[in-house]
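Residue-level listing of the chains:
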Amino acid sequence: MQSITEHKGCRASAKTGRASCGSQAGRGDLPVEIWERVKNHPCYSEDAHHHYARMHVAVAPACNIQCNYCNRKYDCANESRPGVVSEKLTPEQAVRKVIAVATTIPQMTVLGIAGPGDALANPAKTFKTLALVTEAAPDIKLCLSTNGLALPDYVDTIVRAKVDHVTITINMVDPEIGAKIYPWIFFNHKRYTGIEAARILTNRQLQGLEMLSERGILCKINSVMIPNINDDHLVEVNKAVTSRGAFLHNIMPLISVPEHGTAFGLNGQRGPTAQELKTLQDACEGKINMMRHCRQCRADAVGLLGEDRSAEFTNDQVMKMDVHYDLEMRKAYQKRVENERVSKVAAGQKELAGVSGEMSAITVLVAVATKGSGLINEHFGHAKEFQLYELSTSGAKFVGLRRVEGYCQAGYGEEDRLSVIMRDIRDCHAVFVAKIGGCPKSGLIKAGIEPVDQFAYEYIEKSTIAWFRAYVGKVKRGEIQHVQRGVPPRWPGDRISAA
Amino acid sequence: MPFKIIASQCTSCSACEPLCPNVAISEKGGNFVIEAAKCSECVGHFDEPQCAAACPVDNTCVVDRALPRYQAPV
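Chains as they are written, first to last, in full-length UniProt numbering: chain A, 1 to 499; chain B, 1 to 74.
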């Protein structure tokens, strides 16, 4: 039997000896100490993101560089993108919010500082917040996100603050390309522009990454994929960061629409298609672990990835809450979550044992509607995103997300939306849901996508593998014919601009 | 005494505040303001006025033409 943890994408790279965690199967062959550090981090472990939540506190509004894809001026409650916040906080307000959230959402294990500017361009606020949180809630892991310009100056401070993980946004290692992404940087009391600015930035980023890796801090690299500017180049970036000890690479699609008021949005720079993104991620896979479950969340996001609860924790509400940090309650809750995770993996492996005997070259893509916990627990009409799994005889591999506009609005289904959703997931053979109405069901069947609701509220892996087993069986017996599916759609950014 | 922040453009990102060598910048009612009497245009400290160089919105930290330019003591 082939273990579920051994499929491609979850294996240590022979060259670097580094192992996967961005992949789903959990432990895999990760060194124990690294697995212990990432297993409850929703951003670093795809498996953890079903069970554990994170929060960002917006204490860092200032930034020391300008990026053409960023505009921090406008906020809309419905927008989820980096740099967007509803209110900025003082370190004291931030700590109160952390405790309030930790009490309400006991699976919140990670606190990050991700802007809305740059965490290290606001060192006083950032490190004060981290120190206060360490004191009030010592079990919460700390991380921060930076553009890397100030990073070499703060590496020792980061180590002292007991920061566990650092995310660095690196979009280029070639200053010529950097000049097209960054109009200016502010460094050593001076504003630099053009190629000179990009050269300083890339040197500082790579130096900071090396210094952090040397000190044993896990580093994730975020890269924004910008078609015709750095798309091909990101393979080079991937090599450069891998050789400097980065742990996980997250290539994200550019979000670009004119309404956001970014330079790229205004000059019509397009975002990549889902296919372009997946091709690039696949090209980089193997050299380093690739992250594919990123939601590009707000700088004040709260909750599970994909389920933003920041609106429940505005400063007014937090001030009214009775906050009291209960470590025992949190531990007990997390223990239950752990037990559930163990049984989920066990169920998946048991199911896989049945299918791994039959060798088959068939791989199919399926979409799953889920609200978290690794369960098929979302109604088709309520789903705002589908998780995509690639099924083969070696298991169910998480390969990405598709965001959609919910079909069901105020109790009624909308025909137009159904056709858009079907276009968005037309490369999938089946869609797993907790419940689905008659109308969308027949629509999906007509489009050749099988709606599967008999696994409602069961584990994703176990259910999808069971379905795949039946599918392969039918193909073998000649009941159905396996056909590869069409090209996936473009990224949501394109659709927003069309709407 | 001559730099000022145009309030309608200020995103109150706070980038300028810690950079001012004269501690002339503070937050007032959600926006940042420069205390004119303390502003030295960064003469003697840096090559360019730090508030203007760090401000992410162009033409927001600008010379206040209503006041005379700063004269560095000889």
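Mixed in with the good hints there might be a few duds.
[Stated by the list, open to error] Anything over 12 Å on all C-beta distances counts as not near chain A; from chain B, calculated:
1) K4
2) P18
3) A37
4) K38
5) S40
6) A53
7) V57
8) R69
[Unchecked claim] Here are the computed lysine-lysine pairs in the DSSO-like style, where the Cα-Cα straight-line distance is at most 27 Å:
9) K4(B) to K476(A)
10) K28(B) to K435(A)
11) K28(B) to K38(B)
12) K278(A) to K371(A)
13) K320(A) to K4(B)
14) K384(A) to K371(A)
15) K4(B) to K190(A)
16) K320(A) to K39(A)
The set of hints was computed from the structure by calculation and includes no laboratory data.
Since the structure is predicted, the reported quantities are computational estimates derived from the model, not experimental observations.
Glycine included, each C-beta is placed from N, C-alpha and C at the ideal position.
Do the hints match the structure? See the list:
Even its closest Cβ contact with chain A, about 19 Å, leaves K4(B) beyond 12 Å, as expected for a residue assigned away from the interface. With a least CB separation of 7 Å from chain A, P18(B) falls inside the 12 Å interface cut-off, contrary to its annotation. Here A37(B) stays apart from chain A, with its beta-carbon at least about 23 Å from theirs, past the 12 Å limit. Every CB of chain A is more than 12 Å from the CB of K38(B) (nearest about 18 Å), matching its label as outside the interface.
Here S40(B) stays apart from chain A, with its beta-carbon at least about 14 Å from theirs, past the 12 Å limit. Its beta-carbon lying about 4 Å from the closest one in chain A, A53(B) breaks the requirement of being farther than 12 Å from that chain. Consistency note on V57(B): stated as away from chain A, yet its beta-carbon is not over 12 Å from all of that chain's, at 8 Å minimum. Its beta-carbon lying about 21 Å from the closest one in chain A, R69(B) satisfies the requirement of being farther than 12 Å from that chain.
This hinted pair does not check out: K4(B) and K476(A) have alpha carbons roughly 76 Å apart, beyond 27 Å. The hinted pair formed by K28(B) and K435(A) fails the criterion: a straight-line CA distance of about 53 Å is larger than 27 Å. About 16 Å separates the Cα atoms of K28(B) and K38(B), which keeps this hinted pair within 27 Å; it holds. Annotation: proposed proximity of K278(A) to K371(A) holds, straight-line Cα distance about 23 Å (limit 27 Å).
Annotation: proposed proximity of K320(A) to K4(B) is violated, straight-line Cα distance about 38 Å (limit 27 Å). At roughly 10 Å between alpha-carbon atoms, K384(A) and K371(A) fall within 27 Å of each other, so this suggested pair holds. Proximity of K4(B) to K190(A) is assessed by CA-CA distance (about 19 Å); at most 27 Å being required, the pair is judged to hold. For a cut-off of 27 Å, the pair hint linking K320(A) to K39(A) is broken: about 33 Å separates their Cα positions.
Consistency note: the structure conflicts with the earlier hints numbered 2, 6, 7, 9, 10, 13 and 16.
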